[in-house]
Amino acid sequence: MKNVITKTLVASAISTAMLAGAVQADVTLVSWGGGYSASQQKAYIDTYSSGNVNMISYNGGLGEVRAQVESGNVQWDIVDVLPSQARTGCDEGLFEELDRSLFLPAPDGTPMDEDLLVDVPNDCVVPQIWWSYVPFHLGSTFEGEQPSTINDFFDIEKFPGKRGVHTWGNGIVEMALYASGVAIPDIYDVLDTQEGQDMVFAKLDTIKDHVVFWSSGAKPLDLINSGEVSMSLAYNGRIGGAVLADGADYVTVWDGQVLEEEWLVLMNGAPNRAAAIHFLIHASSTQAQADQAHWINYAPMRPSALPIMAANEPWFNPGLATEANIMEHMPTTDEHMKGGILANPDWWADNGQAVNDRYAAWMAN
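Residue numbers (our numbering): 834 to 1198.
Among these hints, one or two may not hold up.
[Claimed, not checked] Restraint ranges, calculated between C-beta atoms of paired labels, are given here:
1) D956 - G1152: 34 to 44 Å
2) W1195 - L915: 17 to 27 Å
3) G994 - G1172: 18 to 28 Å
4) D1038 - D879: 46 to 56 Å
Simulated from the structure, these hints should not be mistaken for lab results.
For every residue, glycine included, the Cβ atom is placed at its ideal position computed from N, Cα and C.
Start from the sequences and build out the full structure, keeping to the hints where you can.
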């Protein structure tokens, strides 16, 4: 414990000294808007006492980031990015590599970069959240036995009705291969082969006549509520949020979920660099990551946050009329990870165009 305290104090002292030398201007954090940004506001910004942080929304991609850096007129400091952006942006020098020793360890002393389910892809990234693609249905849809595995999503005879599926391949491709009997550790090795990709589309063909496609994150809930589909894939946060906040009768099937990374990065040439790094140290701490789950059911990227949440239920909306236990809606609990698939952004970077082209052709025919 003494070692943990020492490391924490050293990191805090470094970051405080860094802030003292910074130009006292507002840090700009760029994120995705909606309930997700609201959770960041409450967990990270409202609890931050060392400076001002303003949050604005964007639509993703690297276009505006690249334009700012290449023009030498950088307006943003910190950006919330998807895994592909995190890799490409760092490779292109759009984001700054960060001194990993500045960041706070877990309560047991584990360094931040080791307190993760995956290796950090580069030194530009700071951990944010995990979210996942999952199947779900209404609790009242099926009588008797209930869907419990990814195989059930593809079993129209056993669990009749149409299926809601998104209009791109990420997530559903891995699920189809897993439902075809491929072990989770082997999924991307098998996907590297033509035979493996053929297996994916053979499994997709088993539900093709029963698919309703969606492209908006809110649409799966509409499809389920209207009865147009009996099961749908969706973002776990949409489902759990509706259950937690509104009491919706949704049941998530965690087996076969495909988890995606989310990172924070520092713009290269950030106008408030020192203050922004100080804020990143705060936002990436175990406690701050746990605090974000007060307001949304995406999982902290740092597993050390989960015991804090579990020991202090009800964790969601604390003190409000809608406060509730949140652990059953966390994608990264040990129970939910038994059938969890960690998406491989590097594989998708190399193969995504070809696979999604084939997926688009499958949808059209």
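Taking the earlier hints as the rules, which of them does this structure contradict? The structure conflicts with no hint, since it agrees with every one listed earlier.
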